[in-house]
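One letter stands for each residue in the lines below.
There are 2 protein chains.
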Amino acid sequence: MEKAVLITIGDEILSGNTIDTNSNFIASELKNIGIKVSQIITISDEIETIKNTLSAAFELGDLIITTGGLGPTRDDKTKKALAEFFNDEIALDEFTFNHLKGYMERRGRLEILERNKEQAFVPTKSVVFQNHYGTAPCMMMEQNGKLSFSLPGVPYEVKPLIKDQIVPYLKEKFKLNYIHSRIVSVVGIPESILADTIEKWELALPENISLSYLPVGTRVKLRLTASGENEAALKQQTENEVQKLLPLIKDNVIAVFEDKIENILAEMLTERKLTISTAESCTGGELAKMLTSVSGSSKYFLGGIVAYATEKKIRILNVSKETVHQFTVVSEQVAQEMAKGCQELFDTHIALSTTGVAGPGKGEDGKEVGTVYYTIRINDQEMTSKLYMPHLERLDFMNFVSQKVIQDLVGLLINS
Amino acid sequence: MEKAVLITIGDEILSGNTIDTNSNFIASELKNIGIKVSQIITISDEIETIKNTLSAAFELGDLIITTGGLGPTRDDKTKKALAEFFNDEIALDEFTFNHLKGYMERRGRLEILERNKEQAFVPTKSVVFQNHYGTAPCMMMEQNGKLSFSLPGVPYEVKPLIKDQIVPYLKEKFKLNYIHSRIVSVVGIPESILADTIEKWELALPENISLSYLPVGTRVKLRLTASGENEAALKQQTENEVQKLLPLIKDNVIAVFEDKIENILAEMLTERKLTISTAESCTGGELAKMLTSVSGSSKYFLGGIVAYATEKKIRILNVSKETVHQFTVVSEQVAQEMAKGCQELFDTHIALSTTGVAGPGKGEDGKEVGTVYYTIRINDQEMTSKLYMPHLERLDFMNFVSQKVIQDLVGLLINS
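If you're matching them up, the sequences are chains A and B in order. Its first residue numbered 101, the first sequence is counted upward by one per residue in the numbering used here. Its first residue numbered 101, the second sequence is counted upward by one per residue in the numbering used here.
Source of the hints: derived by calculation from the structure; they are not laboratory data. In this text, all values refer to a predicted model and were calculated from it rather than measured experimentally. By construction, the Cβ of each residue, glycine as well, lies at the ideal position given by its N, Cα and C atoms. Don't take each hint at face value.
Said to hold, decoys possible - With a straight-line cut-off of 25 Å between C-alpha atoms, the simulated DMTMM-like cross-links for lysine to aspartate or glutamate are:
no. : chain 1 : residue 1 : chain 2 : residue 2
1   : A       : Lys246    : A       : Glu272
2   : A       : Lys217    : B       : Glu302
3   : B       : Lys399    : B       : Glu291
4   : B       : Lys180    : A       : Glu272
5   : B       : Lys259    : A       : Asp496
6   : A       : Lys177    : B       : Glu302
7   : A       : Lys131    : B       : Glu493
As the list claims (entries may be wrong) - Quick list of the computed label-pair ranges, beta carbon to beta carbon:
no. : chain 1 : residue 1 : chain 2 : residue 2 : range
8   : A       : Ser310    : B       : Pro460    : 28 to 34 Å
9   : B       : Glu159    : A       : Ala304    : 40 to 46 Å
10  : A       : Asn515    : B       : Asn479    : 48 to 54 Å
11  : B       : Phe195    : A       : Lys344    : 38 to 44 Å
12  : A       : Glu218    : B       : Ser281    : 45 to 51 Å
13  : B       : Leu346    : A       : Ile133    : 34 to 40 Å
14  : B       : Pro460    : A       : Lys103    : 29 to 35 Å
15  : B       : Arg415    : A       : Gln343    : 28 to 34 Å
16  : A       : Leu160    : B       : Arg415    : 32 to 38 Å
17  : A       : Lys103    : B       : Asn363    : 38 to 44 Å
18  : B       : Pro460    : A       : Glu194    : 32 to 38 Å
My request is simple: use the sequences and hints to build the entire structure.
Following this line, the structure appears as structure tokens:
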């Protein structure tokens, strides 16, 4: 199997200022065409470091993809390092320059600045893949049959370059093994007990199938990754292994194909023609965002309310003042009334509500940071739960709770 | 300055299944205490690879932090690699075992499984930092005055270990230079023109101050990073350079301290005692989530509506049926009516609205994917804008639009 090394160039990642999302995207795209990423290395924007890393990467992999360090500003040195590493020179590429001029003209920037013109200078041995969403082109170099691609660092320039140009190129260039992945999602069983339960099955897996445990909140995703020459045979082989696995953990399985919990839910809601709405307090919109992040969610998600202020909970969601007064706003009873009010407001089969204290400051009624009540209402049935997660930071808390609410809903729908 | 190397161990990152957020968090915490991360390396969970990478990392840095590969399952091999690398043996640590028992008892899991007990086995030369939020302890090893810390991979176990235990330890252990960072946020000027405008100033910066360009959507963040022995002198020196910079770009500066646009807005709203609400369609809750991600946002954010279905826009936000009929739901007019309805519903000074097509499927009225109208309404004034971003994926689109709306609001508030 072809091996890839990803190199991320940029001090903004090393300083903790920016999260490297490019590597994740590229690794996932490469996996789909059967190329395994063996290392991801983030380095600073220094010519010697870039050259040394390229050299080490060519030892490790057949394919190198670098991102970053191609902007028009003074702190970007990737191109110079590339030319030195490949004993090449940088020269103006007319075709790239024309592409750049067209790109800038379409954006109404008629005067090409010197700095932008510099972006049409590339190593003379490089094959250029034009960038349709930015000014820095992608350059491919070859060394002893191994390839390196140098891309800019902006994620929405990286994505189309990889998807529309580099992946199709690699597919044609290499004769690749098929890779097939299956995810089985499991809840309600700690990772260590799960591992004990399926140990024999795991040890008996064929050599071309590997297993990973991926914990996400209170859920564990078991991923089987199989590689082989025949796509159909591979799928069948994986399916056979999944069929042996399922009886061992059948009470805990919540999905056998889909990966993300919001996608699992999307399938269920679409299939059963159910609609859903949300009423959020401490999750602040994250729950709605998670549901609407699925393409096609407008079929089942009718809307949501973020009722942050207590008075809005009362007025818009019809939560009773007495309930708030008697039980405080972070309570089982308020969660229930929010869900009911939400269901009525949006006229949906299902309504979800959250009320809690994300922190770091205490809530208005003095409830402990990390406390949340949430209600899942399906038609006229409802379930209310409490979580206490004091160790999570604000954004992690919002995400964890939203994941858990959707996961519980999936669990309820499976059993109904 | 002390240099650190971060090693992320785990196939789930290499396969593109999980985004590595730990490195970002750790790098940012280290930067605050003046430790520079010189490389971040993600490798697979194989004993030889881990040992080789440790060896290379000890060449590069004074401090190594590894995350991942310490779970109770079969695919985690970090501890074995650690023992081999340091010529050590693994043995049961009684103190760690008692801590583990206490941890599991508090969670009602009285029977300690063999696999969990294994987690109390550590290299005999290691200093253990107990994990209060999981079962895998953190192990510190020393080699020629250089340190390595091995942590589990779960982000909410990593964060408190780093913040509460490792950072205080490092502060005391090393005598560290102070690091001071300042961010100046700039809008409305392309990176290349900005670079030209401030070139002379940049070249004249003192040696201990470095500059980075960090583009975020349509904004560019200029980060100055200064290092030195005296904190107060460093702050003054940086401030002096910022004061020289500002006149060069004064029409484009939107913030001179805060980093994230939602924090910049938070300061303005709090200071001016303004309240805000949101009415979202295509951003699906992301805008509300971005606003509520700021601690203390309940002071100004009163609530939001995600009105996904057209009928809900009409009923809850009071958008007129005729407007939808005449102009379609993705239109300037509907954005305006949504903002107005939202402002009335939540009774806020400011209301933000978005209506558009996030894709990949076309919207119900056939508008092009990537089209969005948004309205910013402040008291009785309003501004409506259109964006067309067909190249963004669904989640990126939701994020980009939300960033832009908040950024425009900040711009309007500055000039009002």
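| field | 25 Å Cα cutoff - pair B:Lys180, A:Glu272 | value | Violated, at about 41 Å.
| Within 29 to 35 Å or not, the Cβ separation of B:Pro460 and A:Lys103? | 31 Å, holds
| Under the criterion that the straight-line Cα-Cα distance not exceed 25 Å, is the pair B:Lys259, A:Asp496 satisfied? | Answer holds: B:Lys259 to A:Asp496 is near 11 Å, not above 25 Å.
| task | Could you see if the CB distance from A:Glu218 to B:Ser281 stays within 45 to 51 Å? | result | With Cβ atoms ~28 Å apart, the hint is violated.
| request: Could you grab the alpha-carbon distance between B:Lys399 and B:Glu291 and see if it respects the 25 Å cut-off? | output: Violated, at about 35 Å.
| Is it true that the CA of A:Lys217 sits at most 25 Å from the CA of B:Glu302? | Measuring from Cα to Cα gives roughly 21 Å; hence the hint holds.
| query | Quick one: are B:Pro460 and A:Glu194 within 32 to 38 Å, going by C-beta? | reply | The hinted range 32 to 38 Å holds for B:Pro460 and A:Glu194, with Cβ atoms some 35 Å apart.
| query | Between A:Lys103 and B:Asn363, is the Cβ distance one that fits in 38 to 44 Å? | reply | 42 Å, holds
| message | Assuming the hint says 34 to 40 Å, is it satisfied by the Cβ distance from B:Leu346 to A:Ile133 or not? | response | 49 Å, violated
| query | Taking 25 Å as the top limit, are the C-alpha atoms of A:Lys177 and B:Glu302 close enough? | reply | Holds, at roughly 16 Å.
| task | Go ahead and decide if the range 38 to 44 Å is satisfied by the Cβ distance of B:Phe195 to A:Lys344. | result | 41 Å, holds
| field | 40 to 46 Å as the expected CB spacing between A:Ala304 and B:Glu159, which holds or is violated | value | 41 Å, holds
In summary, the numbered hints that this structure violates are 3, 4, 12, 13, 15, 16.
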